[in-house]
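Line order of the protein sequences matches chains A and B.
Per our numbering, the very first residue in the first sequence carries number 40; after that it's consecutive.
Per our numbering, the very first residue in the second sequence carries number 25; after that it's consecutive.
By construction, these hints were calculated from the structure, which means they are not laboratory data.
Errors might be hidden in some of the hints.
A few chain A residues that don't get close to chain B, going by computed Cβ distances all over 12 Å [to be verified]:
| no. | residue |
| --- | --- |
| 1 | 44 |
| 2 | 77 |
| 3 | 93 |
| 4 | 103 |
| 5 | 154 |
| 6 | 159 |
| 7 | 175 |
| 8 | 178 |
| 9 | 183 |
| 10 | 186 |
| 11 | 188 |
| 12 | 212 |
| 13 | 225 |
| 14 | 303 |
Just some of the chain B residues that point at chain A, by a computed CB distance under 7 Å [what the hints assert, rightly or not]:
| no. | residue |
| --- | --- |
| 15 | 101 |
| 16 | 104 |
| 17 | 124 |
| 18 | 131 |
| 19 | 136 |
| 20 | 249 |
Ideal Cβ placement from N, Cα and C applies to all residues, glycine included.
So the chains spell out like this:
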Amino acid sequence: MTVSSREDGVIIRVLAGVGRIFLNFLATVGKLSMFTGRALMHCVTPPFYFRLVLRQMVDIGYYSLPVVGMTAIFTGMVLALQSYSGFSRFSAEGAVATVVVLSMTRELGPVLAGLMVAGRIGASMAAEIGTMRVTDQVDALTTLSTNPFKYLVAPRLIAGLTMMPLLVLVADIIGVFGGFLIGVNKLGFNPANYLTQTFEFLEVKDVVSGLTKAAAFGFVISLMGCYHGYNSRGGAQGVGTATINAVVSSLILILIFNYIITEMFFAR
Amino acid sequence: MNSKPPKIRMRGVCKAFGPKVVLDGIDLDVADGESVVIIGGSGTGKSVLLKCILGIIQPDSGLIEIDGVDVSELSSAERDELMGKFGMLFQGGALFDSLPVWENVAFGLIQARGMDRDAARTIALNKLAAVGLGPEVGALVPAELSGGMQKRVALARAIATEPEIIFFDEPTTGLDPIMGDVINDLIVKCVRELGATTLSITHDLASARKIAHRIAMLHGGKIIWQGSVAEIDQTDNPYVDQFIHGRAEGPIQMQVSR
Ligand SMILES: Nc1ncnc2c1ncn2[C@@H]1O[C@H](COP(=O)(O)OP(=O)(O)OP(=O)(O)O)[C@@H](O)[C@H]1O
Ligand SMILES: [Mg+2]
Chain A
40 MTVSSREDGV IIRVLAGVGR IFLNFLATVG KLSMFTGRAL MHCVTPPFYF RLVLRQMVDI
100 GYYSLPVVGM TAIFTGMVLA LQSYSGFSRF SAEGAVATVV VLSMTRELGP VLAGLMVAGR
160 IGASMAAEIG TMRVTDQVDA LTTLSTNPFK YLVAPRLIAG LTMMPLLVLV ADIIGVFGGF
220 LIGVNKLGFN PANYLTQTFE FLEVKDVVSG LTKAAAFGFV ISLMGCYHGY NSRGGAQGVG
280 TATINAVVSS LILILIFNYI ITEMFFAR
Chain B
25 MNSKPPKIRM RGVCKAFGPK VVLDGIDLDV ADGESVVIIG GSGTGKSVLL KCILGIIQPD
85 SGLIEIDGVD VSELSSAERD ELMGKFGMLF QGGALFDSLP VWENVAFGLI QARGMDRDAA
145 RTIALNKLAA VGLGPEVGAL VPAELSGGMQ KRVALARAIA TEPEIIFFDE PTTGLDPIMG
205 DVINDLIVKC VRELGATTLS ITHDLASARK IAHRIAMLHG GKIIWQGSVA EIDQTDNPYV
265 DQFIHGRAEG PIQMQVSR
């Protein structure tokens, strides 16, 4: 009797814990949906802060170019080397150019650029807005008749959504160029042949799916940066936590969305 | 008495953070053109009170009316518009550290009033001069200023749009006594010349005596005493008496171990 009632107590405590985690999860999802809805509404209703949108675009698009470019060129080069040595086992070296371009445009361009930008931009957004939150600057905006969603969140979402596809397009080109460099200089491909093979099997869908991913990732990165910064609490430590949460959650969401969008485009 | 509703009317406003009850039924009226000073111990919820009126913190219950309009029934657009009536000096300044000083001061003029940047800049530099800061300060960023200078810039920002209602959260804290008095004069001038309604928080009783028409004391989440400047020295309220004489012994118990 006593044993079974003690067991009951343990079971109830475990179930209560699980329930609490589940409820917290639902509450967070609800909060995030509300935040996203409000943010989107403020993206499309005036007033618009064009200067701020422009500044964010420069920050996301232009200043991320070096790190994304480096990532892309080395990825393209590695892809060429790896696929050459791998495919030569069944005499399919001719497929190198195709493998490089398909992997870059469909998958590695958007995902690697997304991961890099998440580290750079997601962190900086969360830290900046988080600091503004804990020093009352967000509230000060409100008292100056300026909606923080319009002033802080909307420009970042618009910039993330529009600049990531451009950034990924550049990354695709640089990655293919990296593959080309290795293919021609190290693996002995004829330059003209390599280029022909690059475009021979490339379809519009490959590029479009990659750019769709890029737009989704850009949105997710900005949204996570803004959401965690906006809801940060309690001084420097709170801002630190917000920054970690922004980066980790955007990395995870990028991987999840990557699967979903791939499934949408290529599953049959 | 006139028949106009009070500028600010609070009835039974309560706010708790988790188990901690901060405001426990605040009743307070501020008439048009009146200057009210709130005094009270550290951590009694004075800043929270101002933030509740501004809608930055959502009160748990109670009524808050501005010009006779219940603020809890406003849409978000109406609330943004209502904010145009307010100016707020935050206790920590809350200056935008990404903008130069003059743009901080001109922020309300440019963003809310749609004034062009050159005109707003001229007004901003005038406001800075009024708080004793020269035009060269305008080009600096807030991080380059001392604490007292930041406070004065924040004050200039709060009054730049000449709002109808201005809240000052500890306007003279961190200033030297002379500059403190300059700021007192400036606040009095806002009330007298612009007809602004002000609600200020201060620990500085000299400042309170100078700027207040009426003083209210916040303790235990309630307004426990209010009266004119003349009355505060005559009151036999033990809380007020202890507070204005700054005695450690009395009905107000500070949570310290000795
Ligand atoms: N956002 C918040 N979350 C949780 N607790 C809060 C929050 N803001 C204020 N508090 C609590 O409310 C109480 C009152 O805070 P408030 O800042 O209003 O004090 P105050 O009267 O302005 O004090 P001081 O004179 O030192 O500025 C404090 O105990 C504080 O811990
Ligand atoms: Mg305070």
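Here is how each hint holds up against the structure:
1. 44: Non-interface label on residue 44 of chain A holds, nearest chain B Cβ at 31 Å vs cutoff 12 Å.
2. 77: The claim is violated: residue 77 of chain A sits with its nearest Cβ about 9 Å from chain B, within 12 Å.
3. 93: holds, 15 Å
4. 103: holds, 19 Å
5. 154: holds, 27 Å
6. 159: Residue 159 of chain A is indeed farther than 12 Å from all Cβ atoms of chain B, at 18 Å.
7. 175: Label violated. Min Cβ-Cβ 4 Å, cutoff 12 Å.
8. 178: Given that some Cβ of chain B is not farther than 12 Å from that of residue 178 of chain A, nearest at about 5 Å, it is violated.
9. 183: violated, 4 Å
10. 186: Check fails; 6 Å does not lie beyond 12 Å.
11. 188: violated, 9 Å
12. 212: Given a closest Cβ separation of 33 Å, the condition holds.
13. 225: Check passes; 47 Å lies beyond 12 Å.
14. 303: Holds, since 35 Å exceeds 12 Å.
15. 101: Nearest chain A Cβ about 9 Å off; hint violated.
16. 104: For residue 104 of chain B, the interface hint holds, since the closest Cβ of chain A sits about 6 Å away, which is under 7 Å.
17. 124: violated, 14 Å
18. 131: holds, 5 Å
19. 136: holds, 4 Å
20. 249: At 28 Å from the nearest chain A Cβ, residue 249 of chain B fails the 7 Å test, so the hint is violated.
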